[in-house]
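Add chain B to chain A, keeping to what the hints say.
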Amino acid sequence: MKRLLFRTSIIALMLLSGCTERGQDAYVEDLAMVSSIAFDYIDEKTVKMTVSIPHPTSESQDVTQHYSVDTELIQEGFVQISSKADKMVILNQLRTLLFSEEFAREGQVTEIIKHFYRNPKVGNNVQLGIVKGSAEEILKSEFPDKPSTDTYLYDLLSPKLHTAFSPFTTMHDFLYTETNPIFYSMVPYLELEKDSVKIESIALFDSGKMIATIAEKESSYIQALKGVVKLAPLEISFGEHNAEEQVHIELIKSKAKITSNKNMVSPKVKLQLNLQGALFEYKGKRDLEKTGEYKALEKEVSKQVKKEIEQLLAQLQKLEVDPIGISEEFRMYYKGKWTEELTKKIIQNVEYDVQVEFKLLNTGILK
Amino acid sequence: MHIHQSKTLNGYHVVFLVQNVMIGSALLSLPNLLSPVGYSQWWFPIMFGAFANLLLIPMIWIARQNHELTLFGIHQKLFGKWVGTCINTAIIVYAIILLASVCEGYLELIQVVALSDRTITGPLFIFFLLLIYIANNGIKSIARFCIASFFLVTWLLYFLTWGFTEGDIGHTLPLFNFTREEFLAATQKGFISVVGFEVILFYFPYIIQQEKAFRHASYGIWICILCYLSTTLVSVMYYSQWQLENVMYPVLYLFNAVKLSFLERIDVLAITLWVFFILTTTAAYLWVAKKGVDSIRGMEKKSHLYIIALIIYLMISLPLPKEFQKELYERIYYVTYGLMIWPIFLCVVQFVKNKKEGIQ
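Listed in order, the protein sequences are those of chains A and B. Sequential numbering from 1 applies to the first sequence in the numbering used here. Sequential numbering from 1 applies to the second sequence in the numbering used here.
Chain A extracted, bound-state conformation (with noise of 0.2 Å):
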């Protein structure tokens, strides 16, 4: 009889828990889920701050919602924003944040990724862009062969093989490159276009603003002397008036190693960068049937590389700034505490010795 009561009474348990009322609980289609969210400059202290939720099943014509605000506080622009929208605004479906060239160069970036890092609701995985002109602009605007305007830029700025030359930055890395002193920031540069949306180039940040862009070919060899080793395919061209010869080159394999001196009055830093790639295109005069040949535009290869990179280096000091983080490796043997001055004098006074090796593996597989 008590066995019965206590079974009784746990299967009434069970299922009279459905009848509890939970007026917190919202169902997924009463929740309003931000997918990207636009900054742009307006003064000091305000910011204009745009917000697109995709509606999968939404009746309107529009699948995608905008609501847009001024705001002082981000998460005072959010009770704004609830009090405009039809549903719960929630942030758990977070991908990509998008900033304006004028918001970025002011020097606030870093206040709002924290500001993001710090909610436990919103994945690290975030994307960041930074938009020549309006980001508003960029999510409002529409493209009809694209299904969203949201998944089509967290796809542009999801890491791919032929935008490699990308650092595809996530709130995780900005952070990591902000508060770490050896490094630099670099975000991808967007701008909008007719119907598409283009990675122009890179912007490079120093202490939370942003100073210069850089240009893809250059960003690529940062990521190659960064160490990655899948990158995007490379256009070299040599020669006089460096319009001579030009060669397309998928790259297979990058392997890069840079060791110093480890003497902090005087740092000298060796850049070794072993490239492979597959010979895709070429215009010029060469015969490559010929092993002499083959072997000479090897040559002349890693001669233009090793030029454009050490130009690269020299414009990078200029700036001030070191993305590759060189100084990681004195800092490595550097008893104490590791601080920006001490970056910025290895940038100042190091002297650089590249050395780039390339090798061709095949040219397709016509003769």
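Because the hints were derived from the structure by calculation, they are not lab data. Just so you know, not all the hints are guaranteed correct.
[Unchecked claim] Here are the computed lysine-lysine pairs in the DSBU-like style, where the Cα-Cα straight-line distance is at most 30 Å:
{"id": "1", "chain 1": "A", "residue 1": "K87", "chain 2": "B", "residue 2": "K259"}
{"id": "2", "chain 1": "A", "residue 1": "K257", "chain 2": "A", "residue 2": "K160"}
{"id": "3", "chain 1": "A", "residue 1": "K335", "chain 2": "B", "residue 2": "K189"}
Chain B alone, transformed into the frame defined by chain A:
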């Protein structure tokens, strides 16, 4: 049949008991606790392991001298009934506060990460039901649960590979980049993570192969240290020093780095699975507290367990002043360090006593 009165623990039970009671909520924040020494922290778990193993020697020695007695019994034997009972009462109070601090720490984390739109009363209640269920059947039941939870949770270590591939191995150098003050601060905070192996003093009488207990317990310690080492190493590689200092649960954020096409937010999965580690740690201490009350009252009763659980439940759910609670939970770890050195003192007393008896 009285399961408590016979020897029930095999060698592997001891290995997993030691290992699982050690891993509690401290692992989640270990890289943060060790952050005063910055990047040099990655090898600290090895040092802690060596310390723990050294401290294990007097524990096993004193336990083997009195192989039929738990630490409560040893106290009463060495110091007489009154002093022994006083020390035992202190240990019970200590176990209760430690339990409350572990439970509350974990549930707060759950509240922040997984259930931020609810209160924790419900989960807390279910947690306690499970806790009582595990501790109810004695130390063997806890040991079995330890084995199960080890295999249910440790596979999560695989998810560290994402952090490992993204990180920079160069951060591991230089090895000794800290001052003495930083070293002491990190050790003081981080040594909490290895607390838990001393529970062997209480379940030693239940071990079948007591002569091999030292070896088995050492295996347990080093399995645990291996888990710690992998997390600190990956954290050092993946984070900047600022992040190590400021991210409260670096291990959770490491799981956050995982990119799988079919599953997002591994960290929420990890934090909910972590309940197994918390359950084993708390169940062992609950069992210790229950044994303590048994020894003081001179009888074994199930109701002791329920009363202790109720006290802890009330401690967590009653609105005590936050500052007081925080202070209490932080101070309790000093008692833990004391308890770890305590067996050395006991050894001396035992040694003197043995000599005296030998002379007589």
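Now for the hints, and whether the structure bears them out:
{"no.": "1", "hint": "K87(A) <-> K259(B)", "verdict": "holds, 29 Å"}
{"no.": "2", "hint": "K257(A) <-> K160(A)", "verdict": "holds, 24 Å"}
{"no.": "3", "hint": "K335(A) <-> K189(B)", "verdict": "holds, 23 Å"}
Going through the hint list in order, the structure satisfies each hint without exception.
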